[in-house]
Amino acid sequence: MSHLDLMHTWERVIRRSHLPLAFSQGFNPHPKINFASALALGTTSDGEYMDMELTEELPLEQVRQALDMAMPPAFEVTAMKVVTGKVPSLMSIIERGQYQLWLDFVDEVTQQQLDQAVEQFWQQDEVVVYRYKKNSKEKKAMNIRPGVYQIKLTADGKRGLLEILVQSGNEGNIRPEEVAYGLMSAGMPPVQQVVRIHRQGLYLLNQAGALVTPLDVV
Amino acid sequence: MMRDWIEDHLLGKVEKPLRYQGNEMNAVHKDWDSTVLRMVFAFPDVYEIGMSHLGLSILYHQANAQPDYLMERVFAPWTDMEGLMRENNIPLFSLESYRPIKEFHGIGFTLQYEMSYSNILNMLDLAGIPLRWWERSDDDPLIFMGGPCAYNPEPLADFADVILVGEGEEMNLEFYQVWADHLRAHNGKMNKKELLDEVVKIEGAYVPRFYDVAYDDEGHVLSVTPNHPNAPAKIVKRYLQHMDHAFFPEKPIVPYMDVIHDRAMLEVQRGCTRGCRFCQAGMLYRPVREKTVDELQQQARNILYHTGHNDLSLTSLSTSDYTCVDVLLRSLIAEMQPQNISVSLPSLRVDNFSMNLANEMQKGKKTGLTFAPEAGTQRLRDVINKGVLESNLDSVARMAFSNGWSKIKLYFMMGLPTETDEDLDGIAALAYKVLQIGDEIRREQGGKGPAPQVTVSVSGFVPKPFTPFEFEPQVRGEELRRRQRYLRDKIKHKRVAYHYHDSQVSYIEAIFAKGDRRLGQVLYRAWEKGCKFDGWGEYFYVDWWLEAFAECGLDPEFYAYRTIPYDEVLPWDHISCGVRKDYLIKEHQKAMRAEVTPDCRVGQCHVCGACQDLDVALDLKGGWLRVNTNAVPQD
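Heads up: the sequence lines are chains A and B, in that order.
Mapping the first sequence onto the numbering used here, position 129 (from 1) lands on 140, and the numbers just tick up by one.
Mapping the second sequence onto the numbering used here, position 580 (from 1) lands on 660, and the numbers just tick up by one.
No lab work stands behind these hints, which were simulated from the structure alone.
Positions of the beta carbon are idealized from the N, C-alpha and C atoms, including for glycine.
Each hint should be verified, as a subset may be incorrect.
One side only, chain B facing chain A, incomplete, derived with CB under 7 angstroms [what the hints assert, rightly or not]:
{"id": "1", "residue": "M105"}
{"id": "2", "residue": "Y336"}
{"id": "3", "residue": "G388"}
Could you build all of it, start to finish, from the sequences and the hints given here?
Given below as structure tokens:
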């Protein structure tokens, strides 16, 4: 589902929930709904964050029930918090994204091959991948190495599982599949296809440098 | 599970996975084993087109509202998905339960557009169901079809078991009942021969194989005669007597992806008696039957409550003609605006009344307005009975520009009967005149705002059955292209845009619209060559169609380019939409004299046959239609 489709879907969910949603002023009022981070088309997720502004304060349990009634299957609200006063937007506080990627290798691989590729990746100061510019066929070189914080790579025969923690948010986004390309340039055996990408969560760093969720800090 | 495998292996590789995902809000998931009759509603085009279609919504929810029936949905997979499905031997599956559609008792195709026929064949093949009825066994699903093209279903006679002629809400439950009774009596199995013996007794149900068609040496139809004791000589359409209390879905499915009409749709009335002579829908859905304002308000409220849409569209063939439209619109806007829900009409007529409605609806951003004068001169507009005068267009353009609109789009048809270059000059002149009006008003207002723009959009005329122009030939392709170039050379202004639609698609469309059942073999050959998604320019290969005709020994020009004498037997003469053939002939003669026929909703009946031969009458809730006295010339 594209980000735009997701936003429309949420507006409809909230309208069906009959909660008193706040709208922006002006000729074309927009519902006050904001997301932490756009989710790429085809990527699944268990860790998305959204804020919405209501015109009156309601008990959280009542809000949850109203949303539950109005949500299509496959959507679930896992946790909620009331935020009052002026707070920075969700989008501006996110710093990390955690992903799982399932890969099909062309041939069977050994753990040793994978470990070597990950080791090689960490050894390099620069891992360059190419990203297409918006609405053009031009490619731009990008060093993803500084934006990758954790890599765990395992495999069972031809099927690999890549678990990563990467930079996400206003300071720059590393796309999960780019880490797979980077690993290939570091010697990972060739991948036939990326079967599925799953976002496990979005995080920020607390003062001690540990990962916390937006709900931990607001 | 088939769903998991497809999600993991295929959906990640297609351009728009949501087309195949299902699970939308308000989709109906019924228990397979506790239902008696299980069907699939098949839309022979992509998801986002099909899900914009109100008919699907009505018939799907109507069937599922009955405990004994289950109806799921399937759409034509786009070519990327089709490729992956064929590569992995995945048969066509339904969106709700992801079951192969071959496992259902029946598949109902809706016939909205002739150029989707090749997709029907392709979908059957992808489902692993033999295409022609005689190739299918009692274990294969029953293939039924309905919709506007079902009034001349002859090109599909080889592929359909049953054609349902008329308004589905009225007849489908009766059809399902007969079918379900049959299944109960046969342990859940079908004996198609026995089933069809019963089905054909239902009024409006047409079983093509129960009719023999005789042709003369030149290929004209001589007769269509029943060869089955239960088959009627004439199949008369089914129709709702009143729209009040007709089934209307108040919990329609809410797609996840942007579909073409991504809004709540509320049908305010059925039918249109303006009597435009090119318009098939205007003849098929007679007479006009309106809903009451009370019922519409209630339905609007319920639909919005259950869908969460932020846009409500009041649909019908010509919504501004609904006799209570101003009352309805004002009350809906008053109720919906505080919730930030907009209310809109899909199309506007060229008159001041419609313009006032447009003003009412568009409080905010004013971008473009679209009008359809259809022809460039008054003479030709009289021929086609389009009650629009140049003075109407002048005053509407004046109002639009003064009220803040800056873009006006004008729709025209090219190749209308009796059209000459003078009529094309008229199109260019109208466009320039509208632009000039816009420039004048902008000057009066001190040159503020964007400069006025006019778009001229021209499509090729396709003569359709059950219209007064069914006797008319289509203008030949080379001549149409000359006229296209001629008009293009007349329109040379950077603020007047000119768009033209492909003439070759309309050629094949014209052939199939008025085709007989011999075209079944052409369709089959064309599909074998790879024809599909013919309505989508990128997949339309006219050469494949022409080769298919040549290989079947049929002349496409016979169907599209021939003037048909009034006394010739038409391939669809055994089907009736209520409007009499002698009325169509009378209207054709009037057209040739450029004489107009006013709308019967202003008070005078022209005896078209609908209210005479069917048990139904005009049902107007707000009295006779009020029209600008200058908008529709009097007899």
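To see whether the hints hold, each was checked on the structure:
1. Checking M105 (chain B) against chain A: minimum C-beta separation of about 4 angstroms stays under 7 angstroms; hint holds.
2. For Y336 (chain B), the interface hint holds, since its Cβ comes within 7 angstroms of a Cβ in chain A; the closest pair sits about 6 angstroms apart.
3. Checking G388 (chain B) against chain A by beta carbon gives a least distance of about 3 angstroms; that is within 7 angstroms, so the hint holds.
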